[in-house]
Structure formats: structure tokens, C-alpha cells
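*Asks:* This is what each chain is made of:
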Amino acid sequence: MLTVHELTGGYSRVQPVIHDLSFDVKPGEMVGLIGLNGAGKSTTIKHILGLMTPVAGKVTLHGKTLQDDPIAFRSQIAYIPETPQFYEELTLWEHLELTIRAYRLDEAEASRRAHDLLEQFRMGKAKHWFPHTFSKGMQQKIMILCAFLAQPALLIVDEPFVGLDPLAIQTLLDLLQEGKQQGMGILISTHILDMAEKYCNRFILLHDGRIRLKGDLPAMQHTLNKPGASLEQLFIQVVKG
Amino acid sequence: MNRLETSTLFWSRMRSSWTKALRLIRIIAGGGGTPIILGITIIAFSFGYNQLLAWLPESFPLAPVLAVMIGLFLTHHRIRTWIKPTDAVFLLPLEPHMGRYFRASLLYTGAVKLLHLGVIMSILYPLYRANLGTLGTYVVTCFLLAGVLLLNLVQEWQATRLTVNSDAGDLRLWKICRFGLNLLLAYDALASEWWFVLLPLTALAIWCWQGFRLIPQAPYPWQRLSRLEQETLARYYTVANWFVDMPRYKRPLRQRKWLIRLVNRLIRDDAVYPYLYWRTLVRQSDLLAMFARLLAWVILLSFCVPHPWVITLLTLLGNWMFTVQLRNIEHAAHYPVLFKLMPRPASERSQALQQIARLLSTAFASLIALVGLLVGWLDGKGLVIYLIINGAAILFFSRTKR
Numbered sequence: 001m002l003t004v005h006e007l008t009g010g011y012s013r014v015q016p017v018i019h020d021l022s023f024d025v026k027p028g029e030m031v032g033l034i035g036l037n038g039a040g041k042s043t044t045i046k047h048i049l050g051l052m053t054p055v056a057g058k059v060t061l062h063g064k065t066l067q068d069d070p071i072a073f074r075s076q077i078a079y080i081p082e083t084p085q086f087y088e089e090l091t092l093w094e095h096l097e098l099t100i101r102a103y104r105l106d107e108a109e110a111s112r113r114a115h116d117l118l119e120q121f122r123m124g125k126a127k128h129w130f131p132h133t134f135s136k137g138m139q140q141k142i143m144i145l146c147a148f149l150a151q152p153a154l155l156i157v158d159e160p161f162v163g164l165d166p167l168a169i170q171t172l173l174d175l176l177q178e179g180k181q182q183g184m185g186i187l188i189s190t191h192i193l194d195m196a197e198k199y200c201n202r203f204i205l206l207h208d209g210r211i212r213l214k215g216d217l218p219a220m221q222h223t224l225n226k227p228g229a230s231l232e233q234l235f236i237q238v239v240k241g
Numbered sequence: 001m002n003r004l005e006t007s008t009l010f011w012s013r014m015r016s017s018w019t020k021a022l023r024l025i026r027i028i029a030g031g032g033g034t035p036i037i038l039g040i041t042i043i044a045f046s047f048g049y050n051q052l053l054a055w056l057p058e059s060f061p062l063a064p065v066l067a068v069m070i071g072l073f074l075t076h077h078r079i080r081t082w083i084k085p086t087d088a089v090f091l092l093p094l095e096p097h098m099g100r101y102f103r104a105s106l107l108y109t110g111a112v113k114l115l116h117l118g119v120i121m122s123i124l125y126p127l128y129r130a131n132l133g134t135l136g137t138y139v140v141t142c143f144l145l146a147g148v149l150l151l152n153l154v155q156e157w158q159a160t161r162l163t164v165n166s167d168a169g170d171l172r173l174w175k176i177c178r179f180g181l182n183l184l185l186a187y188d189a190l191a192s193e194w195w196f197v198l199l200p201l202t203a204l205a206i207w208c209w210q211g212f213r214l215i216p217q218a219p220y221p222w223q224r225l226s227r228l229e230q231e232t233l234a235r236y237y238t239v240a241n242w243f244v245d246m247p248r249y250k251r252p253l254r255q256r257k258w259l260i261r262l263v264n265r266l267i268r269d270d271a272v273y274p275y276l277y278w279r280t281l282v283r284q285s286d287l288l289a290m291f292a293r294l295l296a297w298v299i300l301l302s303f304c305v306p307h308p309w310v311i312t313l314l315t316l317l318g319n320w321m322f323t324v325q326l327r328n329i330e331h332a333a334h335y336p337v338l339f340k341l342m343p344r345p346a347s348e349r350s351q352a353l354q355q356i357a358r359l360l361s362t363a364f365a366s367l368i369a370l371v372g373l374l375v376g377w378l379d380g381k382g383l384v385i386y387l388i389i390n391g392a393a394i395l396f397f398s399r400t401k402r
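Chains as they are written, first to last, in full-length UniProt numbering: chain A, 1 to 241; chain B, 1 to 402.
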């Protein structure tokens with residue numbers, strides 16, 4: 001579904017942040033993007049979303065790039081950013097309404113789903129409030145609600161657990177599992193390695209903008225000749241060289 | 001940082017803020033349109049003021065009318081503290097030494113408010129001399145009002161300090177009472193009822209003295225001071241934004257439910273950008289206020305020169321100014337990254353903007369035409385000219401792209 005091919009890019013053409021990244025995300029699988037701060041995880045995500053132009057390489061979704069068909073490309077992706085980003089002038093419910101309109105969702109069905117999601121994340125009482133009055137966790141929930149309301153083919157999640165309460169984390173994990181079962185492809189960037197190990201099918205370990213290790217856990221253990229090692233142990237070995 | 005340095009911090013913040021403000025003023029004054037619009041407004045104001053002076057009958061109750069205006073001015077104060085949200089973290093350990101900081105703040109605000117009073121009283125001088133009193137009584141009134149203003153300022157500060165341990169309803173009631181006393185004082189001073197001035201003045205002074213006993217030693221209402229400062233800054237930025245683009249200025253948000261209900265009727269069920277832009281327009285941008293100001297400006301100038309061609313041209317100018325500013329709501333920088341990721345064609349953005357521009361420009365021109373017809377500034381022929389020229393202009397302005 002998502003194919004990243006020899007992607008090189010960054011904020012400057014002279015000094016790229018990421019180098020020759022190649023990986024894919026298949027329908028119904030969750031891929032963990034793991035790396036230290038500044039490893040290039042968010043830059044990779046921005047390139048996939050088309051917010052940055054690569055120096056080299058390309059990103060395709062179902063074989064098409066963003067330039068081939070921008071609307072079809074964007075319609076298939078939803079994004080949960082690391083820092084909650086919302087429209088200050090829209091209430092929580094209006095964010096959901098805007099998502100329904102933007103993704104051309106069936107209104108009755110999407111409204112029902114929106115109410116379900118509000119209930120699951122216990123946000124019903126705040127639905128007519130402006131997000132700037134919310135706590136950071138509540139603001140993050142807006143991003144999650146909008147992304148799951150859109151029911152995209154590919155979900156890109158950047159550090160989603162920051163600020164969320166334990167119940168919301170569990171609800172999010174349940175939704176991610178459910179999405180996977182329904183054929184959603186998920187690319188998730190996180191520092192919570194225990195959780196990643198438990199929920200992700202495959203991993204991409206980024207360090208200094210390059211892929212140092214990738215595959216499922218047994219494959220990575222085999223590559224590093226560390227049978228039985230946890231994701232955290234493998235990651236530490238990779239970054240410490 | 002010792003006690004002396006907290007006041008130094010205030011003056012340094014004040015200087016830095018004024019440096020930025022002066023830079024903005026220089027940019028605004030250097031703009032081609034601003035001096036022209038200001039010039040036209042000043043000329044129209046002086047023309048209208050002279051007409052008012054000539055028309056004002058001796059029986060007109062000028063003292064009560066001015067007393068209400070001055071009473072409001074004396075009661076309401078925004079104390080400039082330059083307190084920032086981060087101060088609640090970093091200046092908290094200095095709280096016992098912040099007295100000097102806030103004394104400097106009161107000194108500064110007092111000086112600025114006295115300057116404002118001076119400007120207001122200078123503008124009112126011809127009116128005062130024509131209907132109320134002599135030069136001597138005018139001077140005494142000015143000094144008296146200056147003293148009352150300073151007493152009020154101190155009381156405003158006391159009320160702000162008391163917010164940490166008093167009921168908001170009580171403080172509001174106190175403010176209403178203070179307005180009552182100021183109203184009495186202003187009326188007695190303007191009507192030269194000097195003996196009657198003494199009672200409310202004494203009441204204010206005693207109230208002020210008592211207020212010092214009620215103020216708690218600590219804490220300062222940091223959050224409230226920071227919010228008030230943000231609101232004050234937002235007001236200045238709003239004014240500056242009339243003249244220059246202020247992209248980083250964080251505008252206050254208003255719910256405006258009834259207006260949202262109204263605009264919902266104008267938006268198609270599947271429209272994305274009109275849904276967003278109307279909400280930006282109604283809740284957050286200054287454009288709605290600008291719409292009202294331009295409308296008032298055109299009507300005021302039309303009142304001064306009630307000729308169909310002048311009204312037509314003024315409406316044209318007002319509509320053009322509004323449409324140019326309206327384009328600001330399309331700026332992607334104002335919106336979060338999700339705006340760029342919307343699976344909608346970019347052409348929908350400009351179409352949404354054109355639709356909004358056309359509707360508001362038509363409302364603008366129609367309202368002025370209605371006033372013109374009701375007051376008799378526009379006759380049949382004038383109305384036809386007005387409609388043709390403004391209709392064509394609306395189509396042109398709303399189709400123009402950057």
C-alpha cells in the first residue's frame with residue numbers, strides 16, 4: 001500500500017536529514033518507526049504526507065504519488081501529529097463535521113461513528129467547547145477522533161500517547177488493533193518500545209537519518225544475532241553501535 | 001534580583017514594548033493609504049463637530065450626556081503591567097518584592113490615562129465653552145477629574161488584587177457603585193455644582209483608603225494579570241491590524257452562536273472551505289468589526305457630504321478596503337497543518353472566498369443604499385447610478401485574485 005523508495009530529504013537540499021529510506025506498509029499491518037530524538041522520524045512522516053519535498057526518491061500510495069492524484073492520495077491518509085494541531089475557531093464537534101465534509105463521508109453513518117468515538121474517549125460533554133480550553137491530552141484526543149472518523153486506508157501516527165490518560169491510551173490501542181483487523185495500514189512513531197513490541201507487526205529502526213535495522217522482531221534478532229532480545233535491547237545495541 | 005530591580009524590569013519591558021510600537025507606527029504612517037484615510041476622517045470629524053456646535057440648542061442636556069461618557073472613562077481602566085504567562089513560573093519566587101514593579105505599573109498607567117483625559121477634555125473644550133462654563137471653571141473641572149481618575153485607578157488595582165479572595169459578583173457591584181459616584185462627580189463638575197462635588201469625592205477617597213486594608217499581602221492574581229495584559233495587547237494589535245498585516249497576532253475568540261446559525265444557512269452541506277472560512281470570519285478575525293467600522297465610516301462621511309456620487313464612491317472605497325482585507329482569511333499560515341492535508345482541490349479555497357466576498361459586499365452596499373434612501377441622500381436617479389457602479393464593482397472585487 002505505502003511504498004517509500006530510496007527517500008532522501010530534509011529542510012535543506014545541501015544537508016538532508018534522512019538518507020535513502022526504503023520501506024513499505026501493507027494493508028492490515030502496523031509498522032513501528034523507532035528512533036532517538038532527531039533521528040528523522042517526523043521528517044520521514046512529513047515527506048510521506050507531502051508536507052516536504054524529497055531531494056531524491058519517492059513515496060507512493062497504491063502505486064500513485066501525491067503529484068499523480070493529490071485528492072485520491074490525501075483521501076486515503078489520516079494523520080495524528082505529535083503536537084495537537086487544531087482550528088482555534090472550531091469547536092470539537094465542528095472539527096468532526098469538517099472531517100466528514102473534507103473526506104466526503106456519509107453524513108448519517110459518520111455522525112453515528114463520531115458520537116461513538118466521543119463516548120469511547122469520554123469527550124461528549126466537551127463537544128461544543130473550543131479546543132484551546134482543553135488540556136493537552138484532550139487536544140490530542142481531537143486529533144485521534146478526527147483520524148479514526150475518516151477511516152483512512154493509511155493512518156500515520158506520530159507519538160500518539162503523549163499526554164493521554166491510561167484509559168485513552170487503551171482505547172487508542174484498541175482502535176488501532178480494530179483498524180488493523182479491518183485492513184488499515186498503520187505507520188506509528190513512538191518511544192514506548194514495550195508497547196511497540198506488543199502491537200506492531202514490523203519495525204523500522206532509524207538512527208542519524210538512516211535505516212539501521214528493519215523487519216519483524218525475530219528477523220531483527222537474527223540479524224543482530226541476539227535471539228530472545230527485546231525490541232528495547234535491539235534498539236539500544238543499534239544506536240550505541 | 002532585589003527590590004529595586006523589579007521596577008527596573010517593568011521599565012525595561014515598557015521601553016521594549018514602546019520600541020516595537022514605534023516601529024509599527026512608523027510602518028503605518030509610511031503607508032500610502034493611512035494618512036489619506038486619517039486626513040479624510042479628521043476633516044470630516046471637524047466639519048461634523050462645527051455643524052454640531054452651530055446646531056446645538058441651549059436647552060440641550062449637555063452636562064448629563066457628557067457626564068455619562070466621562071463617568072465611563074473614569075471608571076474603566078486597563079492597568080498595563082506587561083505581565084507575561086511565563087511570569088507565573090519565573091517571577092513567583094520574587095512575589096514579596098513585586099510591590100515596586102506594580103507601583104511602577106500604576107505610575108505608568110496613571111500618566112497615560114491623564115494624557116487621554118487631557119486629549120478628551122481638549123476635544124470637549126469648544127463644547128464646554130459654548131454651553132457649560134468659563135475658562136476658569138473648565139480648568140478647575142480638568143484638575144478635579146484628573147484627581148478622580150487617579151483615585152479610580154488605585155481602586156481598579158485594589159479590585160484586581162481582591163479577585164484572589166473576593167466574589168466576582170461583589171467586585172462587579174463595587175464597580176457599578178464606583179461608576180455611580182463618578183457619574184455624580186462628573187455631572188456636578190460639568191454643571192459647576194461645586195458643593196455637591198464634595199460628597200462623592202469624599203466617599204471615593206474614603207473607599208480608596210479602606211481598600212488598602214482589604215488587599216491581601218499575597219498572592220498577586222498572576223493568571224488574571226497575564227490574561228488582562230494579553231487582552232490589552234490584543235486590542236492594540238487589532239488597531240494595528242487595521243493598517244498593517246499582523247500574522248502572528250493571536251486574536252480573541254468569540255462563540256457568536258446566533259451568527260453561526262445564520263451562516264450555516266448559507267453553506268452547502270458538503271462545503272469544506274466555506275464552513276471553515278465563515279467560522280474564522282465570525283469568531284476570530286477582526287474582519288467583522290472592520291465591516292461594521294467601514295459601514296459606520298461611509299455613513300458618517302455620507303452624512304457630511306450627502307451627494308449621490310460621493311456616497312457611491314465612498315461605498316466603492318469601503319467595499320474595496322473590506323475585500324482586500326478579507327483575503328487574509330485564506331492564509332494557510334493561520335491554520336494548522338491539517339489544512340494543507342485536506343483532500344480537497346485548492347481551487348475550492350478561492351471559490352469559497354469569492355462567494356463570501358460577493359455576499360458581504362452586497363450586504364455592505366445594500367445597507368448603505370437603504371440608509372441613503374431612508375435619509376433621502378439617494379433619489380431615483382442617484383440610486384440607479386449607485387446600483388450600477390457598485391454592482392459592477394462587487395463582481396469585479398469578488399473575482400479578483402491575488
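Errors might be hidden in some of the hints.
Unchecked claim - Simulated pairs of lysine to aspartate or glutamate, EDC-like, Cα-Cα distance not exceeding 20 Å:
#1 B:K340 - A:E97
#2 A:K198 - A:E232
#3 B:K257 - A:E88
#4 B:K340 - A:E82
FYI, nobody ran anything at the bench for these hints, they're computed from the structure.
*Asks:* Give a verdict on every hint.
*Replies:* Results for each hint:
no.	hint	in the structure
1	B:K340 - A:E97	holds (17 Å)
2	A:K198 - A:E232	holds (12 Å)
3	B:K257 - A:E88	holds (15 Å)
4	B:K340 - A:E82	holds (16 Å)
Violated hints are absent here; each numbered hint is respected by the structure.
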